[in-house]
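Use the sequences and the hints to build the structure in full.
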Amino acid sequence: MMRRGILAALSAAVIGLGVGASVSAAEFEAPPLQDWSFSGIFGAYEKASLQRGFQVYREVCAGCHSMKLVAYRNLSALGYSEKEVKAFAAEAEVTDGPNDDGEMFPRPGLPSDRFVPPFANDQAARAANNGAFPPDLSVLTKARYRRMGWEGSDYIYAVLTGYHDEPPADFQEKYREEQKKKNKDREEKDKKEIKDFQVAEGMNFNLYFPGYQIAMPPPLADDGVEFADGTKATVKQMAKDVTTFLAWAAEPEMEERKRLGIKVILFLLVLTGLLFALKRKIWADLH
Amino acid sequence: MTVSEWPKQAVSWFDERLPVFTFMQHELNEYPTPRNLSYWWNFGSLAGIVLVVMIATGIVLAMHYTPHVDMAYDSIEQRIMRDVNYGWLMRYVHLNGASMFFLLVYIHLFRGLYYGSYKAPREVLWWLGIILLLLMMMTAFMGYVLPWGQMSFWAATVITNLFSAIPLIGDQIVTWLWGGFAVGNPTLNRFYSLHYLMPFVIVGVVMLHLVALHMHGSNNPLGIDRKEERDSIPFHPYYTIKDALGLGVFFIVFAVFVFFAPNFLGEAENYVRANPFQTPAEIVPDWYFLPYYAILRSITFDIWFIPAKLIGVTAMFGSLMLLFALPWLDTSKVRSARFRPIYKQVYWVFVVDCLVLGWVGANRPEGHILIIGQVATAYYFLHFLVLMPLIGWFEKPRPLPDSISKAVLERPAPPAEAGTGGAE
Ligand code: HEM
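Protein chains in written order, with this note's numbering: chain A, 1 to 287; chain B, 1001 to 1424.
Hints in this document: simulated from the structure, not taken from any laboratory. Treat the hints with caution; some may be incorrect.
30 Å max Cα-Cα, derived DSS-like pairs, lysine-lysine [as the list claims (entries may be wrong)]:
#1 B:LYS1344 - B:LYS1227
#2 A:LYS182 - B:LYS1309
#3 A:LYS47 - A:LYS258
#4 A:LYS68 - A:LYS86
#5 A:LYS279 - B:LYS1406
#6 A:LYS279 - B:LYS1227
#7 A:LYS279 - B:LYS1008
#8 B:LYS1119 - B:LYS1333
Quick look at the structure:
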């Protein structure tokens, strides 16, 4: 019967999606899920956290990572006044021109400018970072989510707090187990020697980064910034705030989107209810 | 002439010169329709409405999009998503609308498979449906390339490369498709041009689809022709309201995705700018292409002198082309699976087979996944080429009701079907 068949088919589909998500190329620990103020249908960004997060970005991340899609004027959404926004923009130096003499000239940034990137081009960014490329952070949370897995923000928070000086002992144990499991599937001649995980030269151990190591040195240290609002700058606090800021940067429309969504769906529910009643009434004489 | 009469006069004046009003009266108002259509018959009109939504949002997006490899990504992620008023809404409706469109059309197609809607005299209607599906797939693929993210670029590379499997001239064809020696700006430009064109071709084919439909009218859950007058009811108001109700329910589902999970159905990797020098860890298409992708990647072996790639590509296209022959592969005279005890079971096995193919398509073709993919691919073809003809010959169908109204109005329904009667 159609109905029973559909149930079977649907459950097959759900299982399919779940398993599909668990396969990936380089291994890493699944980031633990955090309780974000901005998830859920009524979720909203916490203004104070956004401002602290922006401070972390400005003082720590902006040295290497660009955010080319965000404009200084967008910062007013964080609760800054027009004057403050102007001041943030003016900290940057923008090359403008050509002027009437045909020369390019530097000028202080304006609110209408996009965030000025730290490097002139990708090659310069690589050259300054041992050949590794610090990605643009504008939409990173949208680029790192895993369907049926985690939000991009969970992943970013996990990487920022996932550093260890040495791979921990229980990690090494698990790592060996993983290797043994893989060896089981291999032909005799392809079997690999079981070894502890070795961090490569110039890399840093990170549980949550694909391949367990990352070129970015641990960016956050306790009291690395001095928050304007007096909040204690622990690594976790900074990671949470800067992730909130990045989530906002990637989806600045999120609050408006959800608010509109609630209205649209309430409207549709009422409309559909009315249509349902009308359908019953119109069809009544047929049965 | 009184004031209230003159619009009527104007209408008949116009109608005598171009009969649009007569046409609408016939095809949308009186149009006799089987009285027993279930909600499974809503999906065609839903697909039509989503087509309109896609064209409307697409035209707005096109006003702000820049088809150039250096600017395409920014024109969407920066301009449309951040600076254009409600640009994010247009974009997310268009993005999720594509998924919804395929979802609706797949349900629509599987409805046809279950109730034998492809059988005489609706074969051409069925063909036009397959052509619509093919056109939709081309449109969706080219649209996916436009944001010029990592998946856009690599999907374009993988799919265009399939043509290199064609013997002798394959490589030339690929170069010709690209407009160069790699996927690049000329590729993006032509894809954009075609992505704007194809939906209007689809509109044209939808019209033909509807003309073909109205020749004999809709099939119905019983799969028998209408015999008595009371077997039919006028399309309006009965099916206009039923379609409207279905639309309300569908829009709620659609809105949940657009407003609360706009990126759930997409690939996160496509938010990374296209980089021709870095292949992503996994190249996977959007969900609606996964079963075909699984068939393509299941063929890992050469047969005699024919290379695996050519067989894979042929199998993939063949899986769709096969549908054209379905009216003749199905040898049963009975349309509806309700009266076909064996086909009914096999139908659901086939549905699960397609879902399994979708799941395989989302994973690397290695180890047991590859084997499952190969078995599921083989079963896909077995279903159409062997099971459909054989079941038609050997199955003993249950007795058909004398007429639609007898079956619907003079209950009780046969016990096995009692549960579904209410919902349909
Ligand atoms: C752009 C995509 C499509 C649109 C807009 C569309 C539209 C429609 C509409 C409005 C109907 C009448 C209502 C209904 O029966 O649901 C219909 C009927 C039908 N369509 Fe489609 N269709 C599309 C694609 C397809 C595809 C892909 C197939 C199959 C390969 C198909 C096969 C059929 C058949 C067999 C019928 C008659 C069903 C019956 O009377 O039982 N259509 N279509």
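These are the hints, each one checked on the structure:
1. B:LYS1344 - B:LYS1227: It holds: about 25 Å lies between the C-alpha atoms, which stays within 30 Å.
2. A:LYS182 - B:LYS1309: holds, 29 Å
3. A:LYS47 - A:LYS258: Within the cut-off at roughly 17 Å; holds.
4. A:LYS68 - A:LYS86: Measuring from Cα to Cα gives roughly 18 Å; hence the hint holds.
5. A:LYS279 - B:LYS1406: holds, 23 Å
6. A:LYS279 - B:LYS1227: holds, 26 Å
7. A:LYS279 - B:LYS1008: The given pair, whose Cα atoms are some 29 Å apart, holds under the 30 Å limit.
8. B:LYS1119 - B:LYS1333: holds, 8 Å
Hint check: no violations occur; every hint is consistent with the structure.
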